Amino acid sequence: MSTRTPETVTEHTFYLNLGPQHPSTHGVLRLFVKLDGEYVMEVDPIIGYGHRGHEKMAESHFYEQFLPNTPRMDYLSGMLFNHAYVAAVEKMTGIKPPPRAEYIRVVCAELNRVASHLMWLGAYLMDLGGVTPFFYAFDDRENILDILDRVSGSRLTYNYCRFGGVARDVDDTFIGATRDFIKRLRGRWKDYNNLVTKNVIFIHRTRDVGVIDKDIALRFGCTGPVLRAAGVPYDVRRVEPYSVYSELDFEIPTGVNGDALDRYMIRLREMEQSLRIIEQALDRLPGGPIRTPTPNKVRPPKGDYYFAAESARGALGYYIVSDGSEYPYRLKVRVPSYGNLQTLTEVLPGTLVADTICILGSIDIVVPEIDR
Amino acid sequence: MNAAWHYLVGTLGPDLARIILGLVGILVLVQLNAVFLVWLERKVAGHIQARLGPMEVGPHGILQTIVDGIKLVSKELITPRHVDRKLFVLAPIVVFLPAMVGLVVIPFSRHLQVRDLNVGLLLIFAFSSFNVLAILMGGWAANNKYSLMGAIRSVAQNVAYEIPLLLTVVSVLLWSDSLRMSSIVNSQAQVWNVVWMPVAALIFMICATAETNRAPFDIPEAESELVGGFHTEYSGMRFALFFLAEYSNIFIEAAVATTLFFGGWRGPLLPGVVWFFLKTYALIFVVMWVRWTFPRLRFDQLMNFCWKILIPAALIHLVVYAGILELVK
Chain W
1 MSTRTPETVT
11 EHTFYLNLGP
21 QHPSTHGVLR
31 LFVKLDGEYV
41 MEVDPIIGYG
51 HRGHEKMAES
61 HFYEQFLPNT
71 PRMDYLSGML
81 FNHAYVAAVE
91 KMTGIKPPPR
101 AEYIRVVCAE
111 LNRVASHLMW
121 LGAYLMDLGG
131 VTPFFYAFDD
141 RENILDILDR
151 VSGSRLTYNY
161 CRFGGVARDV
171 DDTFIGATRD
181 FIKRLRGRWK
191 DYNNLVTKNV
201 IFIHRTRDVG
211 VIDKDIALRF
221 GCTGPVLRAA
231 GVPYDVRRVE
241 PYSVYSELDF
251 EIPTGVNGDA
261 LDRYMIRLRE
271 MEQSLRIIEQ
281 ALDRLPGGPI
291 RTPTPNKVRP
301 PKGDYYFAAE
311 SARGALGYYI
321 VSDGSEYPYR
331 LKVRVPSYGN
341 LQTLTEVLPG
351 TLVADTICIL
361 GSIDIVVPEI
371 DR
Chain R
1 MNAAWHYLVG
11 TLGPDLARII
21 LGLVGILVLV
31 QLNAVFLVWL
41 ERKVAGHIQA
51 RLGPMEVGPH
61 GILQTIVDGI
71 KLVSKELITP
81 RHVDRKLFVL
91 APIVVFLPAM
101 VGLVVIPFSR
111 HLQVRDLNVG
121 LLLIFAFSSF
131 NVLAILMGGW
141 AANNKYSLMG
151 AIRSVAQNVA
161 YEIPLLLTVV
171 SVLLWSDSLR
181 MSSIVNSQAQ
191 VWNVVWMPVA
201 ALIFMICATA
211 ETNRAPFDIP
221 EAESELVGGF
231 HTEYSGMRFA
241 LFFLAEYSNI
251 FIEAAVATTL
261 FFGGWRGPLL
271 PGVVWFFLKT
281 YALIFVVMWV
291 RWTFPRLRFD
301 QLMNFCWKIL
311 IPAALIHLVV
321 YAGILELVK
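Protein chains in written order, with the working numbering: chain W, 1 to 372; chain R, 1 to 329.
Read the hints as simulated data drawn from the structure, not as lab findings.
Heads up, some of the hints might be wrong.
Unchecked claim - DSSO-like, lysine-lysine: derived pairs with alpha carbons at most 30 Å apart: (1) W/Lys302 - W/Lys34; (2) W/Lys198 - R/Lys329; (3) R/Lys145 - W/Lys34; (4) R/Lys43 - R/Lys75; (5) W/Lys34 - W/Lys56; (6) R/Lys86 - R/Lys75; (7) R/Lys43 - R/Lys86; (8) W/Lys96 - W/Lys214; (9) W/Lys198 - R/Lys43; (10) W/Lys56 - W/Lys214; (11) R/Lys43 - R/Lys71; (12) R/Lys71 - W/Lys190.
All values derive from a computational prediction rather than experimental measurement.
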């Protein structure tokens with residue numbers, strides 16, 4: 001990496017807009033980059049192109065009516081956003097879902113996390129110029145989409161959870177397909193390792209590139225794999241357990257350097273841990289109802305509530321202010337990508353344009369989640 | 001066929017007839033080869049990526065490229081307002097020059113060669129540099145930041161990789177004593193050069209891949225970084241010309257590699273021309289295989305690889321090989 005630092009504008013200074021239409025900005029993100037030759041001197045991430053006013057929309061909808069909005073914020077981990085919102089409202093109202101519903105939610109949420117990481121894996125390698133892993137990852141991801149499609153009726157924006165349970169029960173076909181998928185994906189690790197992890201060009205491109213150390217990560221409020229790659233074992237599922245995560249056995253993988261290679265390894269290991277969680281949840285899946293009866297309109301008692309969950313990208317929080325009516329007075333979503341993205345301003349200066357794409361990809365942002 | 005040939009020679013004289021036939025033959029070969037290679041690349045990529053590739057148009061999609069070509073030809077030629085018009089229009093034409101000239105001296109079989117110049121190899125490498133010129137012209141004229149960066153990268157990369165490329169070629173020349181393509185093939189009558197100098201063959205193939213801007217060295221058109229690289233602003237048939245030229249250049253590089261290291265058209269049983277195309281397409285397949293397996297190098301890594309590894313390796317190889325040759329002779 002170069003040691004060049006932001007200086008004054010010279011005749012070599014070059015301004016480049018990476019985005020909002022660019023193959024590697026993963027949505028409509030715009031990076032305003034100040035370049036000296038191919039070296040980045042300054043970067044300014046400009047967000048807001050995908051703003052749809054989800055939070056404002058919540059204020060004029062019943063609590064139930066906001067459900068379909070949640071998976072549309074982060075379209076790659078919709079089930080996790082959906083689950084977190086439902087759990088948040090359940091915390092406010094004191095509704096207790098039956099244990100079967102909790103386990104089904106965890107299975108679906110973890111499946112979604114694996115799908116999100118697989119999607120990231122393919123897209124990241126595509127950013128680095130390797131097209132082939134993309135198809136392998138999508139091939140695997142397709143299985144998850146089919147499985148989740150079976151229970152939720154959608155392939156991407158799952159609106160599956162309900163206050164006090166889930167919309168539909170799972171059947172033996174679902175469980176069988178999930179177990180088959182776990183076996184299949186475990187068999188694929190060898191392919192991924194041979195094709196990507198051991199690839200000398202891949203290692204050269206990612207090792208010591210985009211180092212987000214503990215200090216930067218904590219200052220910018222990073223969470224998820226970005227923080228864990230820096231060596232901080234922070235995972236909401238473990239730190240503030242929700243749902244039935246406290247009953248399940250899984251590890252929190254952490255990295256050492258916080259470079260792009262670490263973030264890649266963390267996500268691979270997280271997928272394996274997710275598979276473990278799914279296996280345990282399926283083994284323990286209790287019988288019984290999938291939904292506790294709830295009133296048609298929930299009216300949480302007056303007050304401020306915050307509920308955190310772990311999305312595929314980090315800590316996801318719903319902050320809801322209730323005035324006792326059937327509408328939320330204010331709903332704020334704390335998304336992980338926002339903090340993670342801001343580290344670019346600190347990490348990018350001094351790197352090359354090619355590294356910019358590599359680092360941006362390794363952080364794994366979903367722009368509509370930031371813009372909401 | 002024979003009657004037509006005699007008629008042509010009779011009316012035009014042997015030299016003019018040869019020129020016209022050669023020109024027509026080269027044009028046909030360039031087009032057919034590009035059509036075939038585009039199809040082959042999509043099939044190879046498809047099967048490597050656990051899918052089938054084109055299947056709809058013709059058996060196994062063999063006609064897909066032709067249909068795509070018709071679509072590209074029928075598209076409007078868009079010239080953005082802010083471009084340097086002359087250079088912008090000229091660049092896709094210039095890019096075809098090395099492909100056309102290079103084929104003149106390549107011996108497809110013992111007799112099938114348009115002109116057996118005594119500086120054949122020099123001609124190919126002299127004209128292959130036009131490729132860089134065209135990319136620079138296109139990138140500069142497009143007046144687009146991504147295009148410019150792609151063009152700058154391309155020039156730096158091509159200039160650097162030409163050095164080890166030519167150093168390995170010198171090793172071959174020490175053995176053949178001639179720049180004449182047919183002499184180079186004849187010098188391998190007993191043993192192919194690749195047996196004596198596998199390192200040179202490897203370095204040559206790496207550099208040739210870099211020269212043709214193929215992955216993992218496709219930095220000038222790195223899609224995920226520079227959108228389309230130097231051809232960002234090109235569309236329609238002008239884009240297609242860049243595209244076709246890329247495949248023609250791959251063919252030339254593979255054909256030169258076949259001639260230099262793999263005995264050219266020499267081989268048992270089958271006619272020479274069959275052997276020549278077999279070897280050439282086998283090499284092209286390897287290049288495609290590499291492209292769909294590896295991610296892209298970073299620009300500084302690419303340059304370091306050339307200056308710190310390939311050039312010293314090629315130099316040492318040249319010296320050692322020359323020494324051995326001196327002892328043997």
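Outcome of the hint check:
With a C-alpha separation of about 49 Å, the suggested pair W/Lys302 and W/Lys34 falls outside the 30 Å cut-off, and the hint is violated. Annotation: proposed proximity of W/Lys198 to R/Lys329 is violated, straight-line Cα distance about 45 Å (limit 30 Å). For the proposed pair R/Lys145 and W/Lys34, the alpha carbon gap of about 12 Å is at most 30 Å, so the pair holds. Among the hinted pairs, R/Lys43 with R/Lys75 is consistent with the structure: their alpha-carbon atoms are about 25 Å apart, no more than 30 Å.
Of the supplied pair hints, the one linking W/Lys34 and W/Lys56 is violated, its CA atoms being roughly 35 Å apart against a limit of 30 Å. A threshold of 30 Å between alpha carbons decides the hint, and for R/Lys86 with R/Lys75 the separation of about 20 Å falls inside it, so the pair holds. This hinted pair does not check out: R/Lys43 and R/Lys86 have alpha carbons roughly 37 Å apart, beyond 30 Å. Of the pairs offered as hints, the one joining W/Lys96 and W/Lys214 is violated, with about 38 Å between alpha carbons and a cut-off of 30 Å exceeded.
Straight-line distance between C-alpha atoms of W/Lys198 and R/Lys43 comes to about 26 Å, which keeps the hinted pair within the 30 Å bound. Note on W/Lys56 and W/Lys214: the hinted pairing is violated, with a Cα-Cα distance of about 34 Å set against a maximum of 30 Å. Between R/Lys43 and R/Lys71 the alpha-carbon distance is near 20 Å, which keeps this suggested pair within the 30 Å criterion. Taken as a hint, the R/Lys71 and W/Lys190 pair is broken in the structure, with Cα atoms around 42 Å apart against an allowance of 30 Å.
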